[in-house]
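Student: So the protein sequences, as listed, match chains A and B. Residues 1 to 348 in the numbering used here are what the first sequence spells out, letter by letter. Residues 1 to 563 in the numbering used here are what the second sequence spells out, letter by letter.
Hints in this document: simulated from the structure, not taken from any laboratory. Take these hints with a grain of salt, some might be off.
[Said to hold, decoys possible] Negatives, chain A to chain B, calculated, CB over 10 Å:
(1) Y95
(2) S284
(3) R285
(4) E332
[To be verified] In silico BS3-like cross-links for lysine-lysine, where the CA-CA straight-line distance does not exceed 25 Å:
(5) B:K408 / A:K335
(6) B:K474 / A:K161
(7) B:K314 / A:K17
(8) A:K145 / A:K185
(9) B:K502 / A:K310
[Unchecked claim] Cβ-to-Cβ under 10 Å is the rule here; a few derived chain B residues that face chain A:
(10) K176
(11) Q215
(12) S388
Ideal Cβ placement from N, Cα and C applies to all residues, glycine included.
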Amino acid sequence: MKFIHIADVHLGAKPDKGKPWAAQREKHSWQAFTDVVTRAKEESADLLLIAGNLYHRQPLLKELKEVNRQFARIPQTQVVIIAGSCDYLSANSCYSSFPWEKNVHFLKEEKIDYVELPKIQTRVYGLSYQHREIPRSMYQGIEVKKDNFTNMLLAHGGDEKHIPFQAADFRDMDFDYVAFGHLHKPMQLIDAKVVMAGALQPTQSSDVGQHGYFMGEIKNHMNQVRFYPIHYCEYVPLKLKISREIAEDVLKKFAEDYIKKAPPYQLFCITLTGTKGSKAHSLSRSLGKIGRVAQVLDQCQADQDLEKLKVQYGQQILGRYIDMLERMPQDEITKKALYYGVEALMVE
Amino acid sequence: MNISEIRIKSFGKLHNINIHPIQGINVVYGENEAGKSTLQHFITGMLFGLEKQEGETGRQDVYQHYEPWDHAPHYGGALRFTMSGKPFLLERNFRQESQSVRLVNEKENRELNTEQGALEKLFGSIREETYENTYCIGQASVETKEEFANILQDFFVNAPLDEDFVAAYHHLEEGKQAAESHYRELSEKRKAEEEQILAEKARLENDVKLLRSQQEEAYQTFRNQQEGANPNRNEMAEYLRDTRQKKQKIGYYIKMAFSLLLAMLGIMAIYWNGSSHDLANAPWSSWMALEVFLVLVVALGIFGVFFWQGKCEKLRKLTQGQADGEPYPTAENGEPSSKELPQETESIPAQKAFLENALAKEQESYESQVQKKAVEGVFQVQLFDKQSMLMNLQEELEESRVPGEEEKEADCQIKAYQLAQRTLEDVARDIHRDARQRLEKEMSKIFEELTYGKYKKVGLDERMRLVAWEEERKVYPWQLSRGTMEQMYVALRMGAGRIFSKEGAVPILMDEVFAAFDDKRLEAAMQWLGRQKGQIFLFTCQKREMEVLEKNKIPYGKIVLGG
Chain A
1 MKFIHIADVH
11 LGAKPDKGKP
21 WAAQREKHSW
31 QAFTDVVTRA
41 KEESADLLLI
51 AGNLYHRQPL
61 LKELKEVNRQ
71 FARIPQTQVV
81 IIAGSCDYLS
91 ANSCYSSFPW
101 EKNVHFLKEE
111 KIDYVELPKI
121 QTRVYGLSYQ
131 HREIPRSMYQ
141 GIEVKKDNFT
151 NMLLAHGGDE
161 KHIPFQAADF
171 RDMDFDYVAF
181 GHLHKPMQLI
191 DAKVVMAGAL
201 QPTQSSDVGQ
211 HGYFMGEIKN
221 HMNQVRFYPI
231 HYCEYVPLKL
241 KISREIAEDV
251 LKKFAEDYIK
261 KAPPYQLFCI
271 TLTGTKGSKA
281 HSLSRSLGKI
291 GRVAQVLDQC
301 QADQDLEKLK
311 VQYGQQILGR
321 YIDMLERMPQ
331 DEITKKALYY
341 GVEALMVE
Chain B
1 MNISEIRIKS
11 FGKLHNINIH
21 PIQGINVVYG
31 ENEAGKSTLQ
41 HFITGMLFGL
51 EKQEGETGRQ
61 DVYQHYEPWD
71 HAPHYGGALR
81 FTMSGKPFLL
91 ERNFRQESQS
101 VRLVNEKENR
111 ELNTEQGALE
121 KLFGSIREET
131 YENTYCIGQA
141 SVETKEEFAN
151 ILQDFFVNAP
161 LDEDFVAAYH
171 HLEEGKQAAE
181 SHYRELSEKR
191 KAEEEQILAE
201 KARLENDVKL
211 LRSQQEEAYQ
221 TFRNQQEGAN
231 PNRNEMAEYL
241 RDTRQKKQKI
251 GYYIKMAFSL
261 LLAMLGIMAI
271 YWNGSSHDLA
281 NAPWSSWMAL
291 EVFLVLVVAL
301 GIFGVFFWQG
311 KCEKLRKLTQ
321 GQADGEPYPT
331 AENGEPSSKE
341 LPQETESIPA
351 QKAFLENALA
361 KEQESYESQV
371 QKKAVEGVFQ
381 VQLFDKQSML
391 MNLQEELEES
401 RVPGEEEKEA
411 DCQIKAYQLA
421 QRTLEDVARD
431 IHRDARQRLE
441 KEMSKIFEEL
451 TYGKYKKVGL
461 DERMRLVAWE
471 EERKVYPWQL
481 SRGTMEQMYV
491 ALRMGAGRIF
501 SKEGAVPILM
511 DEVFAAFDDK
521 RLEAAMQWLG
531 RQKGQIFLFT
541 CQKREMEVLE
551 KNKIPYGKIV
561 LGG
C-alpha cells in the first residue's frame, strides 16, 4: 500500500507580506499541493493523508471547489483529511458541509473516529479540530481493531495548546503508521512510524530548512518512508558575525555575493552576531534591502570579556556600568543594554 | 607622568637651561628671585599652554610677565617625559605670532595631533583651572580660589557630564534614534495593513448584513407559502371561478325549479284533462293522446329536477373541496375537469383560455417556489462564505496586531538603549556621590596626618566651602591659625587632585607651601609626600624641607636655581 503524507499545506497563506515577492509566495502552497496530487497520480498512490491545516484559515467555497477538483484527478487514490488548528471546523462554514469527491474521506468528529478503506485494506483513525485549540492529549488509549487491516492514525498537534503528545506514546500502540501535522519542521519522530510531515512549504521565515512531503509504502506491516522536498521556497538562516575589523560594505558585499550564488528559490534570514561599530543600524538596514533577504535580526552581544573589563575599570564608569547592569534581573533588554553601554563607553 | 628633562629656551629670566628631574620628589632650591616661580609657571605653561590675555596688562598676565624682554623669537622650550611607559617630547613656542606645539611619541617616533586632544588625553582630561586649584600650588596662594568652589559645586552637585559620559550618552542616543526610526517604519507599515483589514472587514460586515436581510425576505415568502397564504395563487382566477360557480349554481336551481314546475304543470294538466273528459266515456282518441304527452312532460320535469339536483350536488362538493384547501388543479394533479365546468353558460374557447392562463400562472408560482429555494441555498452558501471571510479577516487582524520579529527586536532595542542611558546616568551620579565621599575621606586622612590627629574630619559644606570638625565643632579655615589653615587647603588640594586626575598623570607643584608649617607638621607633610606615586616639585628658598627629607631618609632630587 503506497501512501503520501502531507500536512500544513496552508492554502491561502500570505507569507512575507510587504516583500516584493509576496505575490509569488501566495501561490506556492497551491503549486506545491498540485504537485503532490500530480505525484500521487504518477505513482498511483493508494492513499493520500492530509494531517490538518490543509487551509491556512476558514476555506472559502471556491477554495474547497479547487481542492476537490484536484482530488477528482486522482480517483484511484483514497484521500483522508482532518481539519487542523488553523482550518478548524466552525459551525457556520461550507467546510463542514461541502460535498467532496467519492475518494475523499473527511474525519470531522472532534473525537477519535475512523474510516475503513476495504479496497486497500486500511483503516485510518483520526479527529478534526472544531476549535482553534485543543490543549489536552487525545491520542492515548485508542482501541485499534485487530485484523489484517493496516491501521493508521492521522493526527494533528504537538505543542501545549494543540494536543500535546510524546512520540514514545505511540511506540506500544497498534498503529502501523502515525501521520502527524502541525509542527512545521519535517521529522521522523519514530523512524518510519511516527512522522511529522512539516509544512509542505514554509509559511513564515522561521520555517527554515527544507519542506515537502513523505511518501512511503507499507507491506506486511513493514514500513518504508522517505522525505521528498519541494522547492518553491526555502528560508535559509545566514549568520553574519560582525567585528570592528570588518567594514560594513565588505560585509554587505559578502552577503550579496553569497545570496547571488544560492539557488533562486532560497530566501535569507540574516542574523547579525558578534559586536559592531556605531554603524550597526545602517548595516542591518542596508542588508534588509538586498534582494531575497526576508529578515535581518540583530543579535549582537557584548563580546568583550566583561569580567576583565570590570577588573580593569573597577570603580570607573565602565566598570560600574557593567556591575550595575549585571545586578539587574537578566533578560533580553538588560543583555542588550549591557552590550550597548559597553560598546558606547569603549568607542574611541 | 614623569618628567625626565626640562629644557628652557627662553622663559622669563631663564634662558637655555636644561634640568633633569628625578622620579619622586624634586626640591627646587634657590634664593629669592632665582627663578623658582618662573620654573613653576614654565612647567604649567608647557602642560596647558600660555595665552596672552587680550587687553590685560601687568602682573596678572603670565604671558606678558615671562615674555622674554629681548624679543627672542623662541619663547618656550621642551619637556621630555614618560607616560604609561611611553617616552614623549613636548615642545612649545608661546610666542603669540609663531605659537606652536609639538608632541612626539619618541619610541614610535610619531608626532601626535595635538589639535585633536592628544595632550588632554595624555593628562587625563584635567583642566588647567582645576590643576591650579589642586596639584599646582603657587607662591603664597595655597588657598583655593573662589572659582574652585564653583568647580567643586559643578562636579559634586550638578553631576558634571564628563567627556566619556557625554560621548557614550550621545552614542546611545544615536543608536536609540536609529532603532526608533526602524521601529516606526515597521509599525506604521503594520498599522496601515491593519487599517486596510479593518476597512475590508467593515465592507464585508455590510455585505453580510445585506445578505442576511435578503435572506430574511426569502424566508418570509417561503414561510407564507407554507402557511397557505400563497400570494402567488391567482386570486383573480379564484374570484372568477367562484362567481362562475355561483352563477352555475343559480342556473342549476332555476333549471331545477323550471323542471319541477314543468312536472307539476304536467300533473295538473293530466288531472284537468282527465276530469274534463269522462275517462270511461270519453273517446279514446284525442284526449288520450294529450294525456300521454302530459305524462311525458311530467316525466321530463321530474327527470329535470333530479338531473339539476345532481349537478348542484356535484358543484357543492367541488366548492367544498376548494374551501378545504385542495390545490387548484395543476399540471401535476391532473387535468382540470372541463367536463365538470358548465358548458352551457360560457363559450368553450373562453373557458379554455381561462384555464390555460390559470394553469400557466400556477405553474409559474410553483417554479418560482423552487427557484426561491435555490436562491435561498445560494444565499446561505454566500453567507457562509462571507462569514468565513470575516472570521479569516478577524484572525488576520489579530495577527497584524502582533508585531513581527523585526519590530519586536526594534522595540527591545529601544528599551535597551533607554535602559543603557538611564543606567549610565545612575552610574555617573553614583560616581560623583562616591567621589565626594572619597574626597572627604582622602582630605580627612591627609589633614589628620598633617595635624597629628588633632583634626579627624575635614569636608565641604553645602556651598563647597572647606570645613573641619574639631570634636563636634565646625571650624572654618579663617577661624584657624595660618599654618593649620594652609594645611587644610593642602589636604583639600591633594584630595581633590586625586579625584580630578588619574594618579600620577600630572606633577604636583608646591611653591613655598610649607613656610608656615611648624617642624612637626612639615615632617608629617614630607612623609606624606614621600609616599606619593607621582612626580613632585617643591620650590623653596629654605633648606628646611631638604633637612626633613634627609632626616626621614626620603629620597629626593635637588635642583638648584641661580648662583
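Student: Against this structure, judge whether each hint is valid.
Tutor: Comparing the hints with the structure gives:
1. Y95: For A:Y95, whose nearest Cβ neighbour in chain B is about 8 Å away, the distance does not exceed 10 Å, so it is violated.
2. S284: violated, 8 Å
3. R285: violated, 7 Å
4. E332: Given a closest Cβ separation of 6 Å, the condition is violated.
5. B:K408 / A:K335: With a Cα-Cα distance of about 15 Å, the restraint between B:K408 and A:K335 holds, given a limit of 25 Å.
6. B:K474 / A:K161: violated, 72 Å
7. B:K314 / A:K17: violated, 79 Å
8. A:K145 / A:K185: violated, 31 Å
9. B:K502 / A:K310: holds, 18 Å
10. K176: Hint on B:K176: holds, closest Cβ of chain A at ~9 Å, below 10 Å.
11. Q215: Result: violated, 13 Å to nearest chain A Cβ.
12. S388: holds, 4 Å
Hints 1, 2, 3, 4, 6, 7, 8, 11, counting from the list given before, are not met by this structure.
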